[in-house]
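Participant: Sequence:
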Amino acid sequence: MSELKIAGNPLPGMPWEERPEGCKNVMWRCSANPIIPRDLLPTSNSIFNSAVVPFGEGYAGVFRCDDTNRRMALHVGFSKDAVHWDINPEKLQFQCDIPEIGEWVYGYDPRVCFIDDRYY
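Counting along the sequence shown from 1, when you hit position 111 you're at 122 in our numbering, and nothing is skipped either side.
If you're looking for bench data, these hints aren't it; they were derived computationally from the structure. Every residue, glycine too, gets a C-beta built ideally from N, C-alpha and C. Nothing false has been slipped in among the hints.
Dumping the calculated DMTMM-like pairs for lysine to aspartate or glutamate here, alpha-carbon to alpha-carbon at most 25 Å:
1) Lys35 / Glu14
2) Lys91 / Asp50
3) Lys16 / Glu32
4) Lys91 / Asp120
5) Lys16 / Asp127
6) Lys91 / Glu101
7) Lys16 / Glu28
8) Lys102 / Glu68
9) Lys16 / Asp120
10) Lys102 / Asp92
11) Lys91 / Glu68
12) Lys91 / Glu29
13) Lys91 / Glu28
14) Lys102 / Asp50
15) Lys102 / Asp78
16) Lys91 / Asp128
17) Lys102 / Asp77
Derived CB-CB ranges, DEER-like:
18) Asn80 / Gly24: 30 to 40 Å
19) Asp108 / Gly33: 47 to 57 Å
20) Val116 / Gly33: 42 to 52 Å
21) Phe105 / Pro26: 21 to 31 Å
Please build the complete structure, drawing on both the sequences and the hints.
Facilitator: Below you can see the structure in the form of structure tokens.
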């Protein structure tokens with residue numbers, strides 16, 4: 012592939028590492044991986060970082076953190092450089108007027124989307 016095309020609005024300041032020379036993989040990972048150790052939180056068995064966006068003077072993210080029983084939960088985290096993270100050990104709590112919607116089941120693959128004037 013000689014050309015990279017990203018659809019969507021640019022996210023200024025997001026860290027990026029070019030594909031290593033000679034790499035033919037469809038996907039490549041940052042040479043600093045794992046960015047977030049799987050056991051960063053006292054109860055985590057694994058942590059997945061699929062929802063990171065620029066926020067204020069740094070970055071914010073929603074992370075799926077599986078505990079040692081592999082129960083999935085979502086946690087919020089913040090970073091100044093998108094590499095070194097402070098992830099809240101408390102699970103993300105959803106608040107809404109409809110109890111059924113606010114009831115937590117599990118979190119699998121979080122995303123953060125910018126709609127109108129804010130992130131959801």
